[in-house]
Structures are given as structure tokens and as C-alpha cells.
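Please work from the sequences and hints to get the whole structure.
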Amino acid sequence: MTAQLARQARRTTIIFWVITALFVTQMGWWIYFQLKYGGEELAVAEEMLNRQPQLAADGWQRQIDRWSDSLRGAWQDFRVNTLRSSHTANLEGWSRMVFDGESGRQLIGIRRPDSLGTAGRVQVPIADGMVTILIQGTTVQKFLSRDFPGIRYVGADDTLNLSANVVTPATLQVDQSADEELIDRRRRRMRMFIAEGSFFIVLIIAGAVVIHRALRRTAEFEHRQQNFLAAVTHELKAPLASIRLFAETLASRDLPEAKRQECLGRISQDVERLHGLIDDILDAGIFSRRTFQSKLEESDLSAILKTVVEHHRPRAERARLAVREDIPAAVRVMVDESHMRRALEAIIDNAIKYSRTDGPRGEIDIALKSDNGEAVITVADQGIGLDERDQKRVFERFFRAGDELTRNVNGSGLGLYLAREIIRTHKGKISLWSGGPGRGTTVEIRLPLKS
Amino acid sequence: MDKTILIVEDEEHIAEGLQLNLEMEGYKTIVAADGKTALDLYRTTPIDLILLDVMLPGLSGYDVCREIRREAGRVPILFLTAKGEEDDRILGLEAGGDDYIPKPFSLKELLLRIMAIFRRQAWFATPGSVADEYRFGGNVMNFKTFIGRGPRGEVVLTRKECMMLKFLAEHPNEVISRDMILDGVWGYHAYPTTRTIDNFVLRLRKHFEIDPAEPKMFLTVFGAGYKFVPPDAA
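From first to last, the protein sequence lines stand for chains A and B. Using this note's numbering, you'd call the opening residue of the first sequence number 1 and step up by one each time. Using this note's numbering, you'd call the opening residue of the second sequence number 1 and step up by one each time.
Do not take every clue at face value.
Partial list, computed: chain B residues near chain A (C-beta under 10 Å) [what the hints assert, rightly or not]: (1) Glu-16; (2) Leu-18; (3) Leu-41; (4) Lys-103; (5) Phe-118.
In silico DSS-like cross-links for lysine-lysine, where the CA-CA straight-line distance does not exceed 27 Å [as the list claims (entries may be wrong)]: (6) A:Lys-353 to B:Lys-3; (7) B:Lys-28 to B:Lys-144; (8) A:Lys-450 to A:Lys-392; (9) B:Lys-227 to B:Lys-108; (10) A:Lys-295 to A:Lys-429; (11) A:Lys-369 to A:Lys-295; (12) B:Lys-206 to B:Lys-216; (13) A:Lys-427 to A:Lys-369; (14) A:Lys-259 to B:Lys-28; (15) B:Lys-3 to A:Lys-259; (16) A:Lys-259 to B:Lys-36; (17) A:Lys-259 to A:Lys-427.
Keep in mind the hints are simulated off the structure, nothing from the lab. Note that the Cβ used here is the ideal one computed from N, Cα and C, for glycine as well.
Given below as C-alpha cells:
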């Protein structure tokens with residue numbers, strides 16, 4: 001049963017952490033991609049922005065190429081030579097292009113120098129909406145104007161205007177400010193992604209931890225309660241079984257008087273045991289209430305402690321334990337006597353129960369002293385002790401160390417819990433330590449002295 | 001009657017009361033307060049029945065029972081325990097217990113059950129209509145050695161499984177109600193629950209059916225009980 005619960009809890013935990021890990025990985029990838037590719041994208045955009053003028057110049061170059069292409073096409077129509085233009089563009093001042101001499105001839109595809117004249121030049125002034133090419137030279141104009149519809153003869157004999165649609169540098173120029181804004185926006189978005197992603201990761205992990213803790217706590221509580229139920233079931237049923245057994249024996253058998261008395265004695269002992277356990281359970285209910293308060297009155301702690309020790313001495317003797325006490329007279333504190341007795345009983349009862357019965361005769365040391373305005377009670381046994389993990393948990397309700405099936409010792413898991421609750425209402429402190437399994441346990445109670 | 005009963009119980013009073021009553025009934029008794037002592041006593045003394053508490057210091061009752069069965073011990077074991085939930089009952093039976101009585105038990109019922117265990121043991125030990133070496137559908141079961149051979153090789157049955165198989169073999173091709181099985185194998189009605197019978201049938205299927213999920217011999221008859229159909233007996 002317990003193993004099954006533990007397995008279930010472990011499975012839940014594993015599933016839970018796998019899901020969490022998946023979430024975190026996903027978020028991690030997201031951020032990684034943002035950092036890597038988001039950054040790259042940004043870099044490209046920035047670079048584009050830096051290269052704007054260069055790109056504009058490139059644009060012009062292409063434009064000029066197109067013009068020369070169309071011019072070449074025109075000359076082709078004239079069946080004049082086709083030449084690949086190898087002009088050099090002079091973009092100085094952005095106002096016009098001048099193709100001198102050879103390059104000018106090449107532009108319009110005239111091979112012979114005298115066609116343009118030795119000093120012939122082709123000018124390409126740049127203006128909105130139109131490009132005018134002035135050809136200074138000889139006699140080809142009329143061919144041009146007649147057979148090339150895109151080229152219009154406008155001026156003097158030796159000049160020719162070619163018109164074509166032009167994109168001016170003004171429109172070629174990209175609006176840099178808009179781009180910068182875009183990049184800025186992109187950069188902001190990226191930062192936000194990363195911040196958001198990190199926030200989510202932190203949130204998921206925090207949530208995971210919180211949920212995991214809550215789950216574990218619930219599982220632990222359930223486990224403890226189950227433990228408690230198992231323990232209480234056993235604790236209640238064992239004396240009950242014994243009572244029933246002896247009662248039925250008495251009813252059905254003809255026993256000699258001595259045997260009868262023995263059976264009756266067993267019955268009343270078991271009734272006592274049941275009574276104690278039921279008290280524990282009921283008290284746990286009462287003491288755990290927030291409003292629970294002890295009625296504190298000035299009393300002698302020594303007397304209370306001595307009474308409890310004497311009450312337990314016969315049991316200790318039966319368990320072959322020596323009880324050594326070091327209790328000075330009259331240590332006055334504010335206590336609720338019945339509650340304090342209950343707490344002390346629980347602790348001394350534990351010291352007897354958890355002493356070793358296999359080794360040499362054990363000892364229990366019980367001492368009371370005044371220290372720094374506090375009354376300090378210590379109860380030390382040489383018993384089975386506790387490992388470090390269990391030491392932290394002994395005051396928890398229903399907590400019991402060890403395995404429920406093979407536990408040596410009867411108990412409800414309530415004794416130390418009750419003791420802590422009682423000491424708390426006395427404004428005192430209770431602590432426990434052990435040298436480890438097999439090395440004994442010491443419980444210390446500190447209560448404020450009545451000044 | 002010269003039967004020896006080992007009482008394994010850490011509650012002094014209960015052990016004492018049991019001892020008193022069992023001795024008045026004419027049984028010999030030995031008491032062990034923990035599992036280790038019980039095992040030592042079992043190994044050194046001839047014992048006819050063990051009354052075994054589950055919650056024991058050191059070794060639990062289940063552990064003791066398992067260990068005895070592991071050593072091929074076939075002494076009947078009657079669990080006594082404060083844990084009376086279905087799961088715990090099944091755990092006890094799986095560990096190899098023959099019966100299970102929850103605390104606080106009635107003295108009369110306990111004595112009846114002990115008597116029933118001894119009576120059924122006597123029935124089991126007398127050769128009846130079924131041979132000691134029983135063959136059915138390619139399986140063999142020896143009721144003396146508790147060792148058989150199923151479709152998956154050798155199987156070792158517990159005493160109760162053997163008794164159940166023998167009971168079924170004595171009534172082939174009959175519809176047998178769960179109550180009849182209780183009467184025949186356990187010897188009384190009060191316990192175990194009919195669910196436990198189902199558990200035993202499942203285990204017989206696991207031992208002897210070629211496909212335990214598709215039983216051909218140990219059949220369930222809905223609303224009535226079970227029917228044992230050995231192929232060669234038909």
C-alpha cells in the first residue's frame with residue numbers, strides 16, 4: 001500500500017518535471033532563435049541602411065545601363081553597328097552624364113569617329129521625368145528623328161534630344177528615417193521577446209517548484225495520515241482483540257478463580273491502554289486548534305517532573321532500564337500542570353519505548369536545571385536513535401520513523417506532536433537531537449522561569 | 001489430538017489468551033513474539049499450523065509466510081491481523097497464507113476455522129476419486145508433492161491452490177458456485193470473501209491454461225460460479 005503510494009508519487013513527480021523541462025526547453029529555443037536569427041535579421045537591416053547611398057549609386061548605374069540599352073536598340077533599328085556599351089558614367093554633381101569621344105560613339109553605336117566628329121560628345125543631363133541626350137556631331141539626326149520614335153529631334157542641326165522616363169535620384173533615395181524606425185522597432189520587439197521569454201521561464205520554474213512542493217506536501221500528509229490510520233488501527237484493535245478474547249474466554253470456559261482474575265486483569269490493562277490512546281487522539285484534535293491555550297499558573301516544575309518520573313519508573317524497571325534523575329527542588333515556572341505532565345509523559349514514555357532491549361542494561365538521564373532565566377529539562381536515552389532526516393520531522397503530526405509493518409514499538413505518532421503544542425502554549429521551546437541510529441536521543445525543553 | 005500450533009504474536013495479552021484457549025481445546029502451543037524466532041522455531045520443531053500476526057517487530061508476518069513457502073514449507077498458515085482491508089487480505093493470500101482472520105476476532109470463529117483447516121487437510125490427504133498424480137489437458141499435477149507441469153513448464157502450487165484444483169477435479173464439468181468452493185476447500189462460509197475465490201481461479205489459470213486470458217478449462221459461469229472442463233475427462 002505504502003509502496004504503491006510512493007511509486008505513484010514518484011511517477012507524478014517524474015511526469016511533472018518532464019513537462020516542466022519541455023516548457024523550459026521550448027522557451028529556451030525561442031530565446032535562442034530570437035538571439036541568433038533575430039540578431040542576424042537586424043544586422044542585415046542595419047547593413048542595408050548603411051549601404052543606402054551606395055545602393056542609390058548602383059541604381060543609377062543600372063538606369064544608365066538601361067538607357068544605353070534602349071539607345072543601342074534604337075541604333076540597331078537603324079542597322080547601325082551594335083556595340084556593347086563600355087561607357088564610363090560620370091555621375092558628378094548628379095546633374096548630367098557626359099560621354100566623350102570614343103565612349104560617346106560607343107554609346108550610340110557609331111564606329112567611325114567622323115560621324116560624330118572628332119570632338120563629338122554625348123551629354124546626358126539628368127532632369128525630372130526625362131533624359132535628354134545631346135549628340136553633337138554631324139548628320140545622323142534626321143535618321144534618328146524619323147525612325148526612332150523615342151528620340152525626338154529638338155534643336156539645332158547638330159543636337160538631338162532623346163526623351164525617356166527617368167527615375168531621379170530623389171525617388172531612388174530610400175527614406176532612411178523610416179528604415180531606422182523599422183529597425184528600432186524590430187530591436188525593441190526582440191528585446192521584449194527575450195525579456196518575456198526569460199520571465200516565462202522564471203515563472204514556469206517558480207510555478208513548477210511551488211506546485212511540486214504542494215504536491216509533495218499533500219502526498220506526504222496523505223502518507224502520514226495513512227500511516228497514522230494503520231498505526232491507530234493496530235493500536236486500537238490489538239487491545240480490543242485482547243479484551244474480546246479474554247471476555248469470551250471468561251464467558252465460555254470454566255476457569256479456576258486465579259485464572260479468572262488474571263483474565264480480568266488483562267482486560268482492565270487493555271482498557272487502560274485503549275483509554276490512553278483515545279486520549280491522545282482527542283487531545284491532538286484539541287491541541288492543534290489555534291485557539292487552544294494552557295491555563296498557566298505558578299507551580300513547581302520539579303514536583304511535576306518528579307511525579308511523572310516516579311510514575312514511569314516501574315515500566316522502565318520492567319524494561320531493564322535505569323532511570324537517573326538530577327532534579328533540584330523548587331524550580332518555579334508558569335505552567336498548566338495537567339498539560340505539562342502530558343508533555344513530559346510523552347517524552348519519558350518515548351525514552352523508555354525507544355531504548356534498546358537487546359544490549360546491556362540501558363539508562364535514561366532526566367535532569368532539570370536553571371539556565372539564563374530558563375528552566376531546562378533534558379531527557380536523554382541510549383536507545384535506537386534517529387537519523388538526521390527523521391530528527392527534523394519527529395514533531396510533525398502522525399510522523400513515525402521506520403516501516404509500519406515491522407515497527408517494534410506501538411504508538412500513534414502523536415506524542416511529540418502533542419508535547420510541542422503544549423510547550424508552545426507555555427512560550428517554551430522543545431528540541432530533539434540524536435547521534436544517529438543506535439546512538440540514543442536527547443530531548444530538551446526550555447521554559448521561562450518565574451522571576 | 002496431538003496437533004502443535006505455533007502462535008506468532010507480539011501482543012503479549014493476545015498470545016496469552018490464544019495459548020490458554022488452544023491448550024484447553026487440546027492443542028499443543030508454542031509462542032513466538034517476533035518473525036525471526038518464529039522461523040527458527042518452525043525450522044526446528046514439527047508444527048501443524050501457524051497463527052501468524054502481520055505486524056511484527058523485525059520481519060513482518062508476510063515476510064515470515066513467504067520465507068516458509070520459499071523453503072517449500074506447506075504448513076497451513078492462518079493470518080491474524082488488525083489490517084482487514086481487501087488489499088491486505090489479498091497480500092496475505094499471495095504471500096501463501098491459507099486463511100485470514102481480522103482482529104478483533106471471535107474466539108468461537110477462530111477455533112472453528114482452525115478445526116476447519118485441520119478437517120480439510122484430512123480430506124485432502126485421503127485419496128478420493130482423483131489420483132495423486134492427476135493429468136488433465138496436457139498438464140500434470142501431483143497432489144502429494146504439490147509440483148505440477150503446465151504449458152509453461154514446472155509449477156509449484158501452494159496447499160490451497162492444490163486443494164482447490166483437487167476439489168474442481170472431483171467435480172468435472174459441473175457448475176460450482178463460489179459458496180460450494182468455500183465449503184469444500186475452506187470448510188465454512190464466513191471467509192474468505194468470494195473475491196478471494198476468483199483470485200485463486202486466476203492463479204490456477206495462470207498455472208495451467210495455455211492462454212490465461214482465454215481460459216478453456218477453468219471457465220467462469222456468469223452469475224453462477226465456475227466450471228472445470230478437463231479436455232480428457234469429457
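Against the structure, the hints come out as follows:
1. Glu-16: holds, 7 Å
2. Leu-18: holds, 7 Å
3. Leu-41: violated, 18 Å
4. Lys-103: With a closest approach of 4 Å, the Lys-103 (chain B) hint holds.
5. Phe-118: Not OK, violated: Phe-118 (chain B) not within 10 Å of chain A, min 20 Å.
6. A:Lys-353 to B:Lys-3: Violated, at about 36 Å.
7. B:Lys-28 to B:Lys-144: holds, 26 Å
8. A:Lys-450 to A:Lys-392: Violated: Lys-450 (chain A) and Lys-392 (chain A) sit about 30 Å apart, past 27 Å.
9. B:Lys-227 to B:Lys-108: Not satisfied, since the Cα-Cα distance of roughly 33 Å exceeds 27 Å.
10. A:Lys-295 to A:Lys-429: holds, 17 Å
11. A:Lys-369 to A:Lys-295: holds, 23 Å
12. B:Lys-206 to B:Lys-216: holds, 12 Å
13. A:Lys-427 to A:Lys-369: holds, 18 Å
14. A:Lys-259 to B:Lys-28: Distance ~19 Å between Lys-259 (chain A) and Lys-28 (chain B) Cα, so the pair holds.
15. B:Lys-3 to A:Lys-259: It holds: about 24 Å lies between the C-alpha atoms, which stays within 27 Å.
16. A:Lys-259 to B:Lys-36: violated, 30 Å
17. A:Lys-259 to A:Lys-427: violated, 51 Å
Hint violations for this structure: numbers 3, 5, 6, 8, 9, 16 and 17, all remaining hints satisfied.
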